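2 protein chains.
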Amino acid sequence: MSSSVLDQRRLGVRAILEAIAAGSITPGDVIRESRRRIDAGDAEVKAFTRLSQVADMPDRGPLAGIPVGIKDIFDTADMPTEMGSALYRGHQPRFDAALVAMARAKGAAVMGKTATTELASLDPVETTNPSAPGRTPGGSSSGSAACVAAGFCAAAFGSQTGASVVRPAAFCGIAGFKPSYRLLPTVGMKTFAWSLDTAGLFAASVADVALFADRLTDRALTIPAEFDLSGRTIGFYRSKVDETIEPSMAGAIETVRRWLEDAGVRTVDVAEPGALHEARQSHTAIQGYESTRALMHEHRAEGARMGPKLKAILDEGLDVTPEAYDIARRAARIGRKAANALFEDVDALVAPSAFGPAPEGFGSTGDPTISKLWTLTGNPVVNVPGLATDAGWPLGVSVIARFGRDSHALAIAASIERLIANR
Amino acid sequence: MSSSVLDQRRLGVRAILEAIAAGSITPGDVIRESRRRIDAGDAEVKAFTRLSQVADMPDRGPLAGIPVGIKDIFDTADMPTEMGSALYRGHQPRFDAALVAMARAKGAAVMGKTATTELASLDPVETTNPSAPGRTPGGSSSGSAACVAAGFCAAAFGSQTGASVVRPAAFCGIAGFKPSYRLLPTVGMKTFAWSLDTAGLFAASVADVALFADRLTDRALTIPAEFDLSGRTIGFYRSKVDETIEPSMAGAIETVRRWLEDAGVRTVDVAEPGALHEARQSHTAIQGYESTRALMHEHRAEGARMGPKLKAILDEGLDVTPEAYDIARRAARIGRKAANALFEDVDALVAPSAFGPAPEGFGSTGDPTISKLWTLTGNPVVNVPGLATDAGWPLGVSVIARFGRDSHALAIAASIERLIANR
Chain A
1 MSSSVLDQRR LGVRAILEAI AAGSITPGDV IRESRRRIDA GDAEVKAFTR
51 LSQVADMPDR GPLAGIPVGI KDIFDTADMP TEMGSALYRG HQPRFDAALV
101 AMARAKGAAV MGKTATTELA SLDPVETTNP SAPGRTPGGS SSGSAACVAA
151 GFCAAAFGSQ TGASVVRPAA FCGIAGFKPS YRLLPTVGMK TFAWSLDTAG
201 LFAASVADVA LFADRLTDRA LTIPAEFDLS GRTIGFYRSK VDETIEPSMA
251 GAIETVRRWL EDAGVRTVDV AEPGALHEAR QSHTAIQGYE STRALMHEHR
301 AEGARMGPKL KAILDEGLDV TPEAYDIARR AARIGRKAAN ALFEDVDALV
351 APSAFGPAPE GFGSTGDPTI SKLWTLTGNP VVNVPGLATD AGWPLGVSVI
401 ARFGRDSHAL AIAASIERLI ANR
Chain B
1 MSSSVLDQRR LGVRAILEAI AAGSITPGDV IRESRRRIDA GDAEVKAFTR
51 LSQVADMPDR GPLAGIPVGI KDIFDTADMP TEMGSALYRG HQPRFDAALV
101 AMARAKGAAV MGKTATTELA SLDPVETTNP SAPGRTPGGS SSGSAACVAA
151 GFCAAAFGSQ TGASVVRPAA FCGIAGFKPS YRLLPTVGMK TFAWSLDTAG
201 LFAASVADVA LFADRLTDRA LTIPAEFDLS GRTIGFYRSK VDETIEPSMA
251 GAIETVRRWL EDAGVRTVDV AEPGALHEAR QSHTAIQGYE STRALMHEHR
301 AEGARMGPKL KAILDEGLDV TPEAYDIARR AARIGRKAAN ALFEDVDALV
351 APSAFGPAPE GFGSTGDPTI SKLWTLTGNP VVNVPGLATD AGWPLGVSVI
401 ARFGRDSHAL AIAASIERLI ANR
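Sequence order for the protein chains is A and B.
Its first residue numbered 1, the first sequence is counted upward by one per residue in full-length UniProt numbering.
Its first residue numbered 1, the second sequence is counted upward by one per residue in full-length UniProt numbering.
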């Protein structure tokens, strides 16, 4: 029997779990529908690199009936983990990554592995953007964002060393949640730069990603029904980077600000402190130093088989001395304190998730510059979908909260998402 | 032609590199001698689980001629990485772990994989203690400590989540260096608890381990010739844990204190602050929570095939809630600040490396309680060898320095080692 939940363009975590709880659908119904959609649409979207067997999916647990896409840098025991790289063709791990094991333990249905740029770096993949034809879905978690945006899966796992969760979520017009550093375990996820790599999640809406994260981690992350924005203070973060954002994105930020004020929210400008400007600059040295060590054997033995953007990062990283790395780490540490201090005056910050909508074509996954600051500081960031350019390309707005206040980031982001949806 | 360097009971990093630089031996001489010793002695010591091909060893680079043993939780592309576990029998990684790749890039000779307790936990292995017959070499880095103590290798890689570098170094009477958290990359090293796991090094003496670490990392860690202890202040760290140390260890600590004072060093008592007592208690919850996630698939799918001590840690870890984990992490964070504050008044701290010498027999790898505090806080710790019980069993003394001041920890430890050697 067909159900309205399964007729929606996108599969919503909350709607699915409510329908299953109400007995109107079964986990198996959702899993079959997910697979049907993948079979029908993925030849065009190219979100998946490999599909799992639908027969053995769990039918009980708090996430039973939630079809999940797994970025192909997370180990899976039942499917190869190829990391978008010729170097890992056919590579078969013996056990699941921590996050994959957690999802399965909760009953989630792992539908397959999703396309990632090589080793979660910058060389584009073939995945298309279901929300913006002819444009990149962003990266490096390209397939994970696309499989949710296309309505194939209700949730997906990604990772972010620069902007690889927030950016594709913004470009594809879905919710992306980059939690506080190490809220989600990265064990069994391929390392690029260990002090930056952060596992993250995608879902259709902020409420969906929050509920999924809650059930996955047993943390109180679901949006409280009574949460109310009015009377709160939201800071609008301004940095030098903003000078080059596109007019459509500048307009989106101003729109959100106006609507927040209409809703009784106090808004203030927050200028980037010098310490965070410095911290932003330090990202390159930290990523360079750590990635050349994390991938030293791959680079030395098989560098010639790597994509040009990945190889360039690793080649340049060799020039970062331990002294330069230590200076960069110090800047990052000072930046983290400065980031914390920002939240003494505001409940959350709002900033662009990217410079504009997804760029045209597939030659680049877009510019990660804006988001990488918050990857470095470790603050939770939620991409709020719902706004778009005049042509209809999604524009993403980031909500950033204090380190460890992930539930707060999600609740404020969900309120802004509702505000947008209700206009 | 035989050389005096290769006639020593233990292979010294510094002596080897000096002899190679002087042209009196070649890297190949050392590698062949290392292999000869392994072939002659490892049937008794059981340090190695697998040996590599000697034919292809590098003959140039700043660590050429340094034979190294690799704890079998570090990935190696040319040998299986079995982690002391039936679950990983025959497991063959595609690329080397970061630290292994760094060692090879510097010209070090990877002689083989060394015995580790299962997944670097507490279930003992068959390795014997070359410095204390009939006694455990300690764990979890049992084979790495033993291969250096037996004179098979000049250096070895280990790891520490509780006390798995400092304790075996102490029990085997060699130098062990647990650097500041994440000074050495842990990429490609099996994770047990990500906020605790620390890669560490073994060598015959403190000067040897410092020189090896220097050349491995390109950091200025070699002991400066002009380094002088006199006029400095060394704190003797006292906690509740000390109430149960054995008389031989209490005597060793008092001996070091007297000799330091004779050498013009100011010594003071440093009582464990409340915050560090709390931090010590938090280790169990952090390790429990993280290990049950890091090893979730292994535990769920194959728990019945695990050793009883490992399985017990994972079973109990399931009871640690996210709330309890967050409380423990907060205690750890406060503890790290308290640990830093200790070094405003002292140049370094001295504490026992274990409760006494290696316990008799092979049923346990010894008690990790003393050292795990400094694993949690991330401070650098160096085990200083040279003292012994009346029966001749090694007693290890730890030198602890401020986070990030690894060169300082090594220099002070080397001075104390010299002080001991000269009495």
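In short, the hints are calculated from the structure, not lab data.
Predicted model, so just to flag it, every value in this text is computed and none were measured.
Just to be clear, a hint being listed does not mean it is correct.
If chains are identical, the list can't say which one is meant, so a pair holds when it fits in one copy or spans any two.
In the SDA-like style, the derived pairs of lysine to any residue whose C-alpha atoms are separated by at most 20 Å in a straight line are [stated by the list, open to error]:
no.: 1; residue 1: LYS309; residue 2: GLU246
no.: 2; residue 1: LYS309; residue 2: ASP367
no.: 3; residue 1: LYS106; residue 2: THR244
no.: 4; residue 1: LYS309; residue 2: ALA271
no.: 5; residue 1: LYS311; residue 2: TRP194
no.: 6; residue 1: LYS46; residue 2: HIS408
no.: 7; residue 1: LYS106; residue 2: ALA301
no.: 8; residue 1: LYS309; residue 2: ASP390
no.: 9; residue 1: LYS106; residue 2: LEU318
no.: 10; residue 1: LYS106; residue 2: ASP315
no.: 11; residue 1: LYS106; residue 2: GLU302
no.: 12; residue 1: LYS337; residue 2: PHE403
no.: 13; residue 1: LYS337; residue 2: GLY404
no.: 14; residue 1: LYS106; residue 2: ARG300
no.: 15; residue 1: LYS240; residue 2: THR217
no.: 16; residue 1: LYS106; residue 2: ALA271
no.: 17; residue 1: LYS106; residue 2: GLY134
Structure-based check of all given hints:
1. For the identical chains of this complex, LYS309 and GLU246 are neighbours neither inside a copy (25 Å) nor across copies (58 Å), given an alpha-carbon limit of 20 Å.
2. Taking the closest pair of Cα atoms, LYS309 and ASP367 come within 20 Å of each other only inside a single copy of the chain (13 Å); across copies the shortest separation is 49 Å, beyond that limit.
3. In this assembly of identical chains, the alpha carbons of LYS106 and THR244 never lie at most 20 Å apart, being 43 Å within a copy and 44 Å across copies at closest.
4. Within a single copy, LYS309 and ALA271 get their C-alpha atoms no closer than 32 Å, and across copies no closer than 53 Å, so neither meets the 20 Å cut-off.
5. Taking the shortest Cα distances, LYS311 and TRP194 sit within 20 Å of each other inside one copy (18 Å), while across copies they are farther apart (28 Å).
6. Within a single copy, LYS46 and HIS408 get their C-alpha atoms no closer than 34 Å, and across copies no closer than 54 Å, so neither meets the 20 Å cut-off.
7. Proximity of LYS106 and ALA301 under a CA criterion of 20 Å is satisfied inter-copy only: 15 Å between copies versus 39 Å inside one chain copy.
8. Proximity of LYS309 and ASP390 under a CA criterion of 20 Å is satisfied in neither setting, with 32 Å inside one chain copy and 62 Å between copies.
9. Taking identical chains as interchangeable, the C-alpha atoms of LYS106 and LEU318 lie at most 20 Å apart only when they sit on different chains, with a minimum of 14 Å there against 42 Å within one chain.
10. For a Cα distance limit of 20 Å, the shortest separation of LYS106 from ASP315 across copies, 17 Å, qualifies, whereas the shortest one inside one copy, 41 Å, does not.
11. Taking identical chains as interchangeable, the C-alpha atoms of LYS106 and GLU302 lie at most 20 Å apart only when they sit on different chains, with a minimum of 18 Å there against 38 Å within one chain.
12. In the homo-oligomer, the alpha carbons of LYS337 and PHE403 lie at most 20 Å apart both inside one protomer (10 Å) and across protomers (18 Å), since each shortest distance falls under that limit.
13. In this homomeric assembly, LYS337 and GLY404 come within 20 Å of each other (Cα to Cα) both inside a single copy, at 13 Å, and across copies, at 18 Å.
14. Taking the closest pair of Cα atoms, LYS106 and ARG300 come within 20 Å of each other only across two copies (12 Å); inside a single copy the shortest separation is 40 Å, beyond that limit.
15. For a Cα distance limit of 20 Å, the shortest separation of LYS240 from THR217 qualifies neither inside one copy, at 36 Å, nor across copies, at 36 Å.
16. Taking CA atoms no more than 20 Å apart as the test, LYS106 paired with ALA271 passes in neither setting, with 42 Å inside one copy and 46 Å between copies.
17. For a Cα distance limit of 20 Å, the shortest separation of LYS106 from GLY134 qualifies neither inside one copy, at 37 Å, nor across copies, at 47 Å.
Violation of the numbered hints given earlier is confined to hints 1, 3, 4, 6, 8, 15, 16 and 17; the remaining hints are satisfied by the structure.
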